[in-house]
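Take these sequences, add in the hints, and give me the full structure.
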Amino acid sequence: MAVTASLRTLLLPALLGVAAAAGAQEPQDVPIRRLVTSPAVRQGMSLSVRWEVLPAWEGATVRILESGPGEGEVRVAGEVPVRRRAHVWRTEALAPEGWLRLSVEVRSGTGELLARWEDPEPIVLDNRPPEVALPESLEVASHEVEIPCEASDPAGVRTLEAWLRREDEAVWQPARARRAAGGNPVLILPRGSYLVRVRARDLLGNATPVGPEGVPEGAEMRLRIATPEPEVSLSIEKPPAVAGPGAPVEISWRVSDDDLPPRGVRIEYLTGADDAWRKVAEGLPSEGRWTWALPDRSVRLRAVRLRVTDLSGHEGVGEARLASQVDAQAPRVSLEIPERFTEEGPLKVIRWGHDAGVAGLRTVRLWIRRDGDDAPPFSTDVRARETPVDLPDGLYTWTLEAVDGAGNVQTTPPARLLVDRVAPRWSVCEMREIDGDWEVRWRVEDAALPPEPVAFAWIAEGTGKEVAVAGPLECEGAWRGRIPAACLGRGGALRVVAVDLADHRSERVFALVSNGLDRLPVPRAEAGLPEGPPWDVEGWPAGGLAASGSTLDLRWSAGATGAAVPDATVRVEWEGHEGVVILAEVPVGDAGCTAALPDLEARGALRVVLLVGEKIFSMEEHPLALDEGEARAALRAPAVPDGE
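Just so we're aligned, residue 61 is where the sequence shown starts under my numbering, counting upward by one.
Errors might be hidden in some of the hints.
As the list claims (entries may be wrong) - Mimicking SDA-like on lysine to any residue, the simulated pairs with C-alpha atoms at most 20 Å apart in a straight line are:
#1 K525 to A475
#2 K408 to A475
#3 K525 to G537
To be verified - Taking CB as the label site, the calculated pair distances span:
#4 G343 to E291: 17 to 25 Å
#5 E375 to A353: 21 to 29 Å
#6 S617 to R445: 55 to 63 Å
Honestly, the hints are just simulated from the structure, not real lab data. For every residue, glycine included, the Cβ atom is placed at its ideal position computed from N, Cα and C.
Structure follows, in structure tokens:
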């Protein structure tokens, strides 16, 4: 309803200038207004009237009257002094429905009517509940249904509450519902037949009356939910006969019913242990795709099913039979290798392993990494219990990895192995006199050397005892000093020793005399040799490899050396595990010689020495590996299997 606009802001200035003697004012000139909060009222609701006090109203009394539609229906709602400026009261409706009009009189102390105001619009009386109309019956094929009720009320409908009971039951209960856009209740019900009533409440608080048990009275509707039973279609990507734990399996499905409870769709599987279905997922949508991770234990799978329960309690099942074994047990493997290997030929690796599951061993690979190499570790298949592996000298880390048919992996702890077949090799070892002192320079090479593998020992003349020891020293270095006096003379010597991690020992012993040393290259001027390189040796075995027992053809150019020292000789030596073997010794003027290599499989060094008497004036050395038969490339680098 429209509420009468206040005339105070328009007429108050004129009213203030009107004298009291002018008599009763017209209703439209009185500064009085009514306050209402709704277009209608019911019995017991509060009403209020406000006014402004004019000078002529001093000491007057304000009387508020309620009149109804019937003749003579007038009630005094209140009588208060004008100075109160407002009055609030609770209306007592004169009739259950109809209308109510307010009027206000301002009277002086003598009873003279000073002003009268009448509400231009009546107030609607609403003491009755909203009217609700329902159809006699309704049948739907969905679990979700909107109750088509029509409710009317002068004050406006606030809420609609649905009550229901099954036809075969006697208990009514309020239904959990949401509100549709128009305010009607929307229910989600299982399949079946129901009786529905609606209780309405208007904005004034009037509500549909209820019976003794709190059930609304009034219109009643018969509702039938006729949904079909759910149908399920299931598709599964079957796992292999033997699968690993956690292997993904794709499952897709479609359910004909879209109105499902929150946990209406679930996936279950059946094992060979018993006949109990085990749940793996629930709360799935009516259509979708899901990846199932197989159980993390060893189990035999018999079937997978999708089970659907709709709101009516009806079930639909889609099932797929399986014949798969989940193997969650890793294979057992072990590795047997020595801590060090110093023999010639390939190393025999002994492995032991088996698969405790049903998948069987798929691969057994040996991963090998050499210390100091930047390259990634290489691997080789270990198909036999004993597998030969040929490796060059070095320090290695070994790991055995076994994979069964289900993809389970087992790895042995890392094992350390030292492969060292040859003694350390001296690539530089010389001694010379500098300003009265002697300087020893050395460089030793080996695949597995400790940080300080070199030591000196001075041997006393005649006794053979060590009188001084220096070391340990690094792989490459120099020493400068004087030879101990006790070591000069026949029997005195300097012993330079290098020991690798495999305890292979390589030494150089130099006989010392009173005027210098007797084993390392000495200043060339002592023998009248010309300065500069004495020769250029040719015929070294290519790649440091040669067949055992083969013959080498070495050539050199004697040049000025042969002309200056005709009695100089050239000695060809082989040094291996057994020590130094002299292969040939010829005059330097022959410009070449043939040397038969030892008939054995070993690693060592081939040395060509220029001597004058027993003094060494030049020495050239190269590493050489001897092989029984054809030289193998595996002696140079680890073999990498095809496909790695």
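Here is how each hint holds up against the structure:
Proximity of K525 to A475 is assessed by CA-CA distance (about 42 Å); at most 20 Å being required, the pair is judged violated. Annotation: proposed proximity of K408 to A475 holds, straight-line Cα distance about 15 Å (limit 20 Å). Using a Cα cut-off of 20 Å, the hinted pair K525 and G537 is violated, with the two alpha carbons roughly 25 Å apart. The beta-carbon spacing between G343 and E291, approximately 20 Å, falls within the hinted interval of 17 to 25 Å.
The hinted range of 21 to 29 Å is satisfied by E375 and A353, whose Cβ atoms lie roughly 26 Å apart. With their beta carbons about 56 Å apart, S617 and R445 fall inside the hinted range of 55 to 63 Å.
When held up to the earlier numbered hints, the structure conflicts with 1, 3 and fits the remainder.
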